[in-house]
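Colleague: Residue numbers for the sequence shown follow the numbering used here, so the first one is 20 and each next one is one higher.
Since the hints were made in silico from the structure, they are not lab data. It should be emphasised that the depicted structure is a prediction, and the values quoted were computed from it without experimental measurement. Watch out, some of these pointers could steer you wrong.
For lysine-lysine, the following BS3-like pairs were computed, each having C-alpha atoms within a straight-line distance of at most 27 Å [to be verified]:
hint: 1; residue 1: Lys467; residue 2: Lys43
hint: 2; residue 1: Lys34; residue 2: Lys376
hint: 3; residue 1: Lys376; residue 2: Lys314
hint: 4; residue 1: Lys314; residue 2: Lys263
hint: 5; residue 1: Lys376; residue 2: Lys362
hint: 6; residue 1: Lys470; residue 2: Lys418
hint: 7; residue 1: Lys418; residue 2: Lys389
hint: 8; residue 1: Lys389; residue 2: Lys306
hint: 9; residue 1: Lys204; residue 2: Lys263
hint: 10; residue 1: Lys393; residue 2: Lys34
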Amino acid sequence: MSKINDFIKTTPSAKHWENIGTNKHHGVVVPLFALRCENSSGIGEYLDLKKVINWCSDVGFDVIQLLPLNETGIDPSPYNAISSCALSTLHISLHALEGVKENPSLMQKLKSFDILNTYQRVHYLQLKRLKLDFLREYYEYIFDDLKKDKEFERFLQKNSWLEEFALFKTIQEKENYKIWDNWPKELQNITEKNLSKYIEKYHTEMHFYFATQYLCYKQLTEVKKYADTKNIKILGDVPILVSKNSSDVWFNRSIFDFKHVAGAPPDAYSIYGQKWGFPLFDWNELKNTKYHWWKRRLHTIEDLYHMYRIDHVVGFFRIWCMLPDEPATEGRFFPRDPVFWEKNGRNRLQMMLNSSKLLPIAEDLGLIPKIVYKTLRDLGICGTKVIPWETTVFGGFIKFNNYEPLSITSVSTHDSDTFAEWWEGYLKGSTKFAKFKNWHYSPHLTHKQRKELLTDAHHTTSLFHINLLSEYLALYPDLVWPDIDDERINVPGTMRPTNW
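Can you make the complete structure from the sequences, with help from the hints?
Modeller: Structure follows, in structure tokens:
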């Protein structure tokens with residue numbers, strides 16, 4: 020360990036590591052939407068994380084990794100946010116809101132959520148309707164007190180993104196949730212020059228969104244403070260791209276490129292590739308603005324997390340893109356010439372390090388050029404190792420004591436099969452892995468094999484060892500769905516009703 024400690028001290032991220040420590044870290048990935056507690060209202064809520072913090076403390080874990088928690092639209096994917104800064108109001112812990120217990124009408128409304136807690140999956144549309152109805156009544160209930168709340172006033176002053184987000188949400192609602200480029204022209208093209216006119220016009224409606232974001236931030240910062248008392252670190256998630264139908268793109272169009280949309284190239288797990296539909300960044304314009312958008316985004320999460328995961332970090336080097344009417348198979352890398360890739364990635368990641376005190380962790384899975392791994396190591400940034408995918412050029416599995424120390428080891432991800440699904444669905448891989456582990460191969464993982472696998476995942480040479488909560492629950496048959504496919508969180512590039 021002393022070698023990696025000494026090396027990290029020489030990297031640009033040395034300061035960022037000081038608050039985390041270069042000792043071994045162990046933890047769990049928690050899809051917040053999947054949690055249920057006695058007071059939940061159809062989905063996992065911010066304050067439910069306190070129970071996860073207690074559990075991690077009890078078992079000796081010190082990291083909780085979250086999926087993105089940003090506000091979403093009709094698509095429930097946390098990676099298709101309508102704001103890079105606004106938090107999802109779906110996760111507000113309603114029962115814990117001040118004054119709710121003294122309001123009979125609100126207490127009655129809480130009962131309407133009970134049925135949602137009995138469902139296997141989140142019923143997002145029903146949940147959104149009920150939660151919005153509750154929050155509107157709660158807002159009216161606290162309005163007079165909120166006007167006198169100094170903490171609320173400081174929140175408004177600190178977060179410059181609030182006005183554009185609240186205005187976007189207000190107009191979106193008035194326009195029956197149409198995509199912004201189908202709004203009337205004058206509403207499509209609100210800029211800094213005429214912003215004050217519309218803020219004055221819609222301020223009453225916007226204030227509701229100020230208030231609900233305040234409630235979100237208040238609860239999630241409470242969670243972070245509680246984690247601090249238990250020496251638990253929270254690892255947030257920052258996708259590098261945002262939805263076209265977002266307040267960010269609507270109000271900051273100059274920093275986006277609409278000629279192409281982003282995706283991922285075909286690979287062994289997605290033969291047709293992926294078409295995400297997100298606009299690309301105009302990096303030249305971002306540079307002209309001194310990366311204001313990125314800096315604001317990173318400053319916003321500093322009150323919420325101790326570290327952040329950069330989703331699809333390879334997109335900082337080069338990105339797979341296609342014309343809006345092309346399939347992903349017809350895409351190409353941008354820039355095409357690999358000579359630019361290292362400079363792009365290194366400069367943009369250095370910008371991230373310069374813009375925040377938080378330590379970044381890179382998701383570097385998929386078809387990744389070697390220069391990405393070298394750059395991450397040079398900068399002192401961890402990548403990601405998923406055990407079933409860690410193979411040599413000859414097809415064998417890499418020994419656990421040969422993993423790159425600057426990495427997270429996991430047995431699966433939210434975008435992949437669980438390990439048990441992979442085992443049963445990829446016969447060639449699972450038989451090879453059984454041989455690698457000196458196991459007798461059988462079509463289904465035994466309890467002993469599951470336990471040994473997780474033990475291995477926590478004893479590689481990686482600095483971080485973090486697995487999905489469901490991989491630990493799988494040690495207990497009563498905590499696993501009868502249909503193994505129900506354990507999967509997401510199939511990338513699809514709009515399946517079972518995603519998320």
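Colleague: Evaluate each hint against the coordinates.
Modeller: Here is what the structure says about each hint:
Proposed proximity of Lys467 and Lys43 is supported: the alpha carbons are some 24 Å apart, at most 27 Å. Restraint check for Lys34 and Lys376: satisfied, since their Cα atoms lie roughly 8 Å apart, inside the 27 Å limit. Restraint check for Lys376 and Lys314: the C-alpha separation of about 11 Å stays at or below 27 Å, so the hint holds. Between Lys314 and Lys263 the CA atoms are separated by roughly 20 Å; this keeps the pair inside 27 Å, and the hint holds.
Using a Cα cut-off of 27 Å, the hinted pair Lys376 and Lys362 holds, with the two alpha carbons roughly 22 Å apart. Between the alpha carbons of Lys470 and Lys418 the distance comes to roughly 18 Å, so the proposed pair stays at or under 27 Å and holds. Restraint check: the Cα-Cα separation between Lys418 and Lys389 comes to about 20 Å, which is no more than 27 Å; the hinted pair holds. Straight-line distance between C-alpha atoms of Lys389 and Lys306 comes to about 26 Å, which keeps the hinted pair within the 27 Å bound.
For the given pair, Lys204 sits about 17 Å from Lys263 by alpha-carbon distance, which is consistent with the 27 Å threshold. Only pairs whose Cα atoms come within 27 Å are accepted, and Lys393 paired with Lys34 is accepted, the gap being roughly 20 Å.
Every hint from the earlier list agrees with this structure, and none is contradicted.
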